[in-house]
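Colleague: This is what each chain is made of:
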Amino acid sequence: MNGSFIKRITRNKAFSLAIIMFAVWIIFFLLNHNYFVGENFTGIMNTSSLSGTIAIGLACLMMSGSIDLSAGAEGCFGGVLVALFLRTGMNWILALLLTILCGVVMGLINAFWVNAMKLMPFISTIAMSSIYQAMAVIVTKSSEIAIGEGPFTRLGTGHIGIFPLPFIIMVILMVIYGLMLNYTKFGRRLILCGGNRTAARLAGINHQKITTIMFANCGAISALAGAILAARMNNGGPRAVLGAEMDAMTAAIIGGVSFLGGGTSGMGTIFVALLLVNSFNNGLQVIKVNSFWQFVTRGGLLILALIVDYFRESRRQKALKQGAKV
Amino acid sequence: MTEVNTSVNTDRNAGGKGMALEVDNISKSFPGVKALQNVSFRAEPGKVLALLGENGAGKSTLLKVLSGDIKPDEGEVRIGGVPQKFDAPVQAIQAGISVIYQERQLVPSMSVLENIYCGDLPATKAGFLKKKEMRQTAERIIQEFGLEIDPFEKLGRLSTAHQQMVEIMKAYRRDSQIIAFDEPTASLTDKEVTILFDLIQRLKEQGKIILYVSHRLAEIFQITDEIVVLKDGRMVKQLKTAETNEAELIKAMVGRDIGDTYSSLKRNDKMGDVLLEVNNLTTDAVHDVSFKLRRGEIVGFAGLVGAGRTEVVRAIFGADPIISGEVILDGEKVNFKHPKDAIDAGIALCPEDRKEQGLIRFRSVQDNVCLPVFKKMRKGLILDRKKQEALTEKAVEKYSIRTPTFEKLVVELSGGNQQKVILGRWTSELLTTKLLILDEPTKGIDVGTKAEIYQILCDLAREGKGVIFISSELPEVINIADTIIVMHNGHITGTLAREDATEEKVMSLAMLD
Amino acid sequence: MQTTSKAQKFLKSKTFILLILLAMEVVVFTVLSQGLYINIINIRNILNSIVITAFLTVGAVLLMVRGYVDISASAVGCFTTMMVASLLAAGIPWPLAIIFCLLASAVVGCVNAILITKCGFQPFIVTMAMAQVLKGLQYIIFGTNPIAIKDPTMVALGTHRIAGLIPYTLILALICIAIYGFILSKTYFGKSIYMIGGNPQAANLAGLNPKRMAYILFINDSALAGLAGCLLAFRLKSGALDSITNGQFTGMTGAILGGVSFGGGTGGMFGAFIGMLVISAFKTGLTLLAVPAWWMTFGSGALLLFALAFDHFASFRRTKS
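Residue numbers (my numbering), protein chains in the order written: chain A, 1 to 326; chain B, 1001 to 1513; chain C, 2001 to 2321.
These are computed hints drawn from the structure, not numbers from a lab.
Misleading hints may appear alongside valid ones.
Said to hold, decoys possible - If the Cβ cut is set under 8 Å, some of the chain B residues that face chain A in the computed set are:
#1 Ser1109
#2 Glu1114
#3 Ala1123
#4 Phe1128
#5 Leu1129
#6 Ile1223
#7 Val1236
#8 Leu1239
#9 Val1396
#10 Tyr1399
#11 Gly1448
Heads up, the beta-carbon is just placed ideally off N, CA and C, and yes, glycines get one too.
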């Protein structure tokens, strides 16, 4: 029993990722001793809260068998919208709720193209991405909209202990969605849908309905992430969130979610993967590597994650084949 | 009794105990094929009913009708006398019918437990899962099956046989009154087969109705009580297992009017020297396959779907890697790395799946005929249109392909004409085809065109070409081929000359247990 | 008899609809801009804007006929604008500089093809990640400041015009379209692309080589994008960052409008060329009417969706009939 427990832990993906993460920490610490300064960790937590929040919605959508490349643009639009709503003197809770509602609408538009018009999710959400981006710039006339200090900005800048509030919000959301995925009927049906569409259909599960909900959910969460970023930055910038969807996707894939369904992952694994990606990017900054390396690592990590996934999968297939022959 | 059960469609497992399943006059057509014609039978509770028939006899279609996956054109299914109407598979499940498909409908990345439930997880009103109940049920089922499987293990980590057992547990868990098995033993080892048969016995004692589809006659005699024999989408007869024997069953399955089709064929009677020799060929899917083919000879491959026939010819053609063994063509040892090498050496393959592997469906007839020889139609830089037209014209005339223009998309032609397009492709004068391999060339083709294709095969042999002819239709193989090779489970189980071959002999070699 | 049916076929074709659309655009924009649209300066602008898109369209059409897609094309273009400028600034003669740029682009295409054919990844995601990598490498290697190009031959190639109207580079682009159009519609190689795009399995069993084709097409696509980047640098007389952002989407949109489907196996160069003209005419029209740049981004997204929906309904009708 004890042996199998250890085996289970070591087989666990989150565990191996955590080991890699510690290795990354140690390497960067050796390269620059400032890496372990508390401020720096606050920085990691802050940056990972943005892509992490988006990763929640995106990972759920990917598990159900679709993808949304406009998540970053939805976030931009969310940040801008919340700033605009607040400028009208609206109560901040109402403003936030309205922003999330707009996110839902954006997600539903994506779902319309994919489910009703049968377009490929990749290409149609890329197209929607440029539309949302453009709209964010258009409504702000390409400038950043300031948000006055108040309860709303505290949502972005506040701390509990050493943990920044955005990070805590992300963790809470991860816990909620993790519970949803693992402990509710809906969550399991969602994963079944992504895993085997025919089996889902034969079991009477409506695939389109589930992806539509997950698109709306992804839009809502992305808009929320944008709004929180706006609160942290004290303004809503039309380009603030761009590129975060790449980090979110990378974290999800490293965490084991596979493209267009099939793979699943616990939110915990995604959380570790996310910290790993952000620690790495942050480490590069701390050792004062040219900041543009981030683009390279963003793409490179994604490709690396895919390759590792590929080898793991092919090894598993091989083992399976041999197992079947015995 | 009918009054009690009027709300059958809404209540789960409403098909209560003691009610019979009646299939009444079911017909279903697909474009070009009549898959089922007026099939009727009755299955009694507490009995195991076998559905027996060759490939394409309509067994799978019938199961799909029962599972609500397709709607019949005519006829109805009744449970306990109440007519059932299924708009979606889930309604059939609710009415108490579970079908265990041959293609496993499982999710490798999910746990065994969840695959057993397949989305139908027990939950509280708020939607939270009752994990304890799930675990207990799953453990109980696994225990009843007598297997050692961890319910929390990912399904993908299980062996194929255990995965198949999970598929069966899925239906067992639903506690349906009617359970249909589609070739359940295909990927099981002896141990699991024993477990499965015990289980079926228990289900039978509980008064459930079991439908059992299998090719393996031995199994059918072992566990079934009654047998429904299907042939070409029609029901031949319903028999009591105890009152019949293997010979009678095989006769019922395969016996049909052969007519004059075969006797009127103009055959080749002059065999040449050895053209192809295959020695101890082994790949991922086949083991130790050896045979010889002479010029002007038609070698037929018989066997069940999945016996390894397609894999043999794909390996010869260079489409799949060879692990060991040798292929000798025209006295020379060859080792093709790519189909292109095989084509250059004079081999042609008409693949089994016309739609997916043979044709480029949304291109013209002309493109499809000229596909392998475009390279030989270059005139300077450009492709010579006239040559393409001339070649297509020859093929169209030679095989009387019915198409209004050469520009017609090949997807718009009938199945028979599509097959002739492929034959035209491989027999053009621009190719030096010595050996033609045809994998199920008559699948989904009407009777008249079938006869034409038989004659084309004989003509090819008369021209001195070698022909390998794979077919799952027994009369075809034993009447067309000069030599019949029977395969089972990746091995050659017998070689017969046409004079000695009977359907019964071939069938028993193909079903070797 | 034959000719009338051909004429009828043309009247029913997508290309014809696009030509009408193009004519309508010209009329509408001319009216809206009070004649400025057909002014010589604007026509120059239109002609200029076509050049880069043309190269990207050509590459995209070939890939899409095969059933692939390459998101990294414009990143390759951006990369080579900087690369060619810095090579020239380092005193390397222009023929060598261009050859180096093309080689670098070809390497990118080759890596894409390896990841797609060997590991079976989605072309979409691989090339998207590749675009990110290239963007970063470009900043790291060449810095963020524009690099001036002083080589007189190359500046002349980039900026001179025949009769003051038609840029040399446009001639190059048109030649490129003509050559590739010819290859695609008339040669053995072009036919092979259609066949493999139509059904890779069947083509493989008929002796064609889909894998080798993937390498050729991805390398070709990257090289064309690299060439486009060089030419752009010559026109702008400098290597500038973000010069071709999202150019590949314009190319792709044009191709889809012109009848090249995402599924592969259909469409042709001429249709794609007209499709590209429709888009370029639209974009320059908007610029002329002083529509803000971000509306253009909006427009390009909307156009892509429009093209996809257009294609969807067209193929829907086809399968129905």
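Colleague: For this structure, which hints from the list above don't hold up?
Modeller: 6, 7, 8, 9, 10 and 11
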